[in-house]
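Engineer: Spelled out from the first residue to the last, the chains are:
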Amino acid sequence: MAHTADHSLIKLFNLRVLNSLALVIRLFLVGYGVYQDKTMVVKYTDIDYHVFTDASRFVTQGESPYNRSTYRYTPLLAWMLLPNIYATPHFGKLLFVTCDVLSGVLLYHILCLRGLSSDAACRFCALWLLNPLPIGVSTRGNAEALLSLLVLATLLCLELKRFFMAAFFYGLSVHMKIYPVTYALPIALYISTHGKLEAQKRGVFRMLQRLFNKELVLFAAVAGAVFFWLTLAFYCLYGWDSLHETYLYHLTRRDIRHNFSPYFYMIYLTAESQWSLVLGLVSFLPQLVLVLLTSLAFHADLPFCCFLNTAIFVSFNKVCTSQYFLWYLCFLPLILPRLRLSKKQGVGLLLLWFAGQGLWLMPAYYLEFEGHNTFVYIWLAGLLFLFNNSFIMVQIISHYIPETVQQRKKTE
Amino acid sequence: MLLLHFALSVFRLTPCEASQKDEVICGPASAWFESVDMSVDVAKRGFHRELLYEVHHDPTPQAIKALVIQRLPSGVYMDQYQLASLREDTGLQVLLDSAVSLEDPAHMSSGFSALVYLSPADGLPGLLQAVVPVHGRYHRPSSSGGWERVYIEGPRLLLRPESCETLPSGLPHRVVEAPCTVQNQSVCSWLEIQGLQVPDSVTLELPVGDFSLTGPVCAGTILATLLCFALLFRTIWTHGIF
Chain P
0 MAHTADHSLI
10 KLFNLRVLNS
20 LALVIRLFLV
30 GYGVYQDKTM
40 VVKYTDIDYH
50 VFTDASRFVT
60 QGESPYNRST
70 YRYTPLLAWM
80 LLPNIYATPH
90 FGKLLFVTCD
100 VLSGVLLYHI
110 LCLRGLSSDA
120 ACRFCALWLL
130 NPLPIGVSTR
140 GNAEALLSLL
150 VLATLLCLEL
160 KRFFMAAFFY
170 GLSVHMKIYP
180 VTYALPIALY
190 ISTHGKLEAQ
200 KRGVFRMLQR
210 LFNKELVLFA
220 AVAGAVFFWL
230 TLAFYCLYGW
240 DSLHETYLYH
250 LTRRDIRHNF
260 SPYFYMIYLT
270 AESQWSLVLG
280 LVSFLPQLVL
290 VLLTSLAFHA
300 DLPFCCFLNT
310 AIFVSFNKVC
320 TSQYFLWYLC
330 FLPLILPRLR
340 LSKKQGVGLL
350 LLWFAGQGLW
360 LMPAYYLEFE
370 GHNTFVYIWL
380 AGLLFLFNNS
390 FIMVQIISHY
400 IPETVQQRKK
410 TE
Chain B
0 MLLLHFALSV
10 FRLTPCEASQ
20 KDEVICGPAS
30 AWFESVDMSV
40 DVAKRGFHRE
50 LLYEVHHDPT
60 PQAIKALVIQ
70 RLPSGVYMDQ
80 YQLASLREDT
90 GLQVLLDSAV
100 SLEDPAHMSS
110 GFSALVYLSP
120 ADGLPGLLQA
130 VVPVHGRYHR
140 PSSSGGWERV
150 YIEGPRLLLR
160 PESCETLPSG
170 LPHRVVEAPC
180 TVQNQSVCSW
190 LEIQGLQVPD
200 SVTLELPVGD
210 FSLTGPVCAG
220 TILATLLCFA
230 LLFRTIWTHG
240 IF
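Protein sequence lines, in the order shown, are assigned to chains P and B.
FYI, numbering that gives the first Met the number 0 numbers position 205 of the first sequence as 204, with every residue one higher than the one before it.
FYI, numbering that gives the first Met the number 0 numbers position 46 of the second sequence as 45, with every residue one higher than the one before it.
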């Protein structure tokens, strides 16, 4: 009996079975979403999905996707979702679901390249493929899965030393959303140290010399070209709106409405103050310094470094919503195998993360839907959530065994 | 957008001389108009509310169309995309007279008018109704926090017998012109019903930030973020491979 159970468990973690299961669950939920949208007052589909579809409709009419207010993405997304208008309104969800499952496949290959057995790699992939968070986000029609796929494709190509393709995916991902720009420095340091392993000598001159190796120049040129030409093409097509809505809005965004950011109440109260700009800069500094430091400290283990950079970027950002969490969660299966935490500690940290969100969601609900003045509680919950996230990151960093250049050299 | 611009150009509520028209005159008699009664209610709490309009009237042999013109202040907004989706799902018919920002705070927005076409209630002759979602905007923080009151003035009610081209003359009501239907493709004459027992305004209370807390909030936020920053910096510095 026990033997049969073990056997079926192993079968479950076969990549093909796992992917099929992940896809079936997602397709079922896409179907269920159609049913709920038609029959219930509370809709399953996320409002953003309607924004994408409306923007695509404008494109089909020969107009700018930015005619749809609150469309703040690259026009490429509206273009990709044109079948939403011409074929089926569910095309976008099917695309996001496919990207979501493909992200799982990429995670599997990266894990195998990092030395895990096939079974172990499947087990860690299941944490993404069967995780209710990414499942919910992609089936409700959020485009985050596209970014997970592009970022993981960049990491896989870098592991495989296919710098041209890595650069292509990286340029595309930065064009789609700004946050992967925080991976630029670690990727540059990673390529420069891995391209020429003998160049491990210290010194500013040597470091600069390393930064100008052939692979890095190729990577920078290709990624820059992809980003530049796409952005320029859309600027020519849609004018200033495309630059403003895709990039500048996100860079200068100071949302006074409640969100997970620890800065939200301060930004709301000082929105019209002369100190607003100074406070904006002050709040940008911790994010910048920590991202730079992490890039220098952990660039040799790129997935770990990207995880930390994203988690820091999101936690210390001036605006933070729950879909931002997906940006770093896609790296989690890659770092868990090297995390030396007991199950109890792991579950504890997970509960801490969820508790932080729960404590924020409660006053936010009372503010938004009950009209109670809970601004102070939301602010305190935002600070607590930052403490929780920082504590979790500290625990992860202190219990992680990063892949070093020396280890890599040995395996090579 | 075209629809909106069209709405802007045709939405002129101008009194007309109904008696000068020569077409066949039909529609309910003057006494019937006295049976018309209207109520406005606000449902739900917080930032997401619903305005409920109900018009009761004595049964008539011909269908009556009702249009509510609601002026809304800058403290609230209606989401034109949500209205479009509701139009498909529930048949709600609302036309806005201008493009409305979905994100700006109250002090950076302006008011607008909504034209709400009421629908007959299922199985209840003589009742027309509509439920329109309206959302509160964030307001400037006030000196002591609490709630900001947003006053939504009483709506105007316009009626039109569906099959009449010309309205009956000699009625004690003003004739105004407004879009015939939510499609906004033609202008019809409507009778504005006056003397309704509708309250002058309904009030929403929306929570606002407490400006007097600016100092402690800024200090607390910076202190907390610096503490987390220091904690992370020390850990990365200790465990990093430089």
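What the hints contain is simulated information worked out from the structure, not anything from laboratory work.
C-beta: ideal position from N, C-alpha, C; glycine also.
Treat the hints loosely; a few may be bogus.
Unchecked claim - List of simulated lysine-lysine pairs, DSS-like, C-alpha gap at most 27 Å: (1) P/K160 to P/K213; (2) P/K42 to B/K43; (3) B/K43 to P/K317.
As the list claims (entries may be wrong) - Beta-carbon label-pair distances, calculated as ranges: (4) B/D40 to P/N66: 32 to 38 Å; (5) B/E33 to P/V33: 56 to 62 Å; (6) B/G122 to P/L247: 29 to 35 Å; (7) B/D40 to P/K37: 43 to 49 Å; (8) P/L242 to B/H106: 26 to 32 Å; (9) P/Y234 to B/S97: 25 to 31 Å; (10) B/R86 to P/A119: 28 to 34 Å; (11) B/H106 to P/L338: 47 to 53 Å; (12) B/R86 to P/G114: 25 to 31 Å; (13) B/D40 to P/V288: 18 to 24 Å.
Engineer: Decide, hint by hint, whether the structure agrees.
Structural biologist: Hint check results:
no., hint, in the structure
1, P/K160 to P/K213, "holds, 13 Å"
2, P/K42 to B/K43, "holds, 18 Å"
3, B/K43 to P/K317, "violated, 30 Å"
4, B/D40 to P/N66: 32 to 38 Å, "holds, 35 Å"
5, B/E33 to P/V33: 56 to 62 Å, "violated, 49 Å"
6, B/G122 to P/L247: 29 to 35 Å, "violated, 54 Å"
7, B/D40 to P/K37: 43 to 49 Å, "violated, 28 Å"
8, P/L242 to B/H106: 26 to 32 Å, "holds, 27 Å"
9, P/Y234 to B/S97: 25 to 31 Å, "holds, 29 Å"
10, B/R86 to P/A119: 28 to 34 Å, "violated, 53 Å"
11, B/H106 to P/L338: 47 to 53 Å, "holds, 49 Å"
12, B/R86 to P/G114: 25 to 31 Å, "violated, 57 Å"
13, B/D40 to P/V288: 18 to 24 Å, "violated, 54 Å"
In summary, the numbered hints that this structure violates are 3, 5, 6, 7, 10, 12 and 13.
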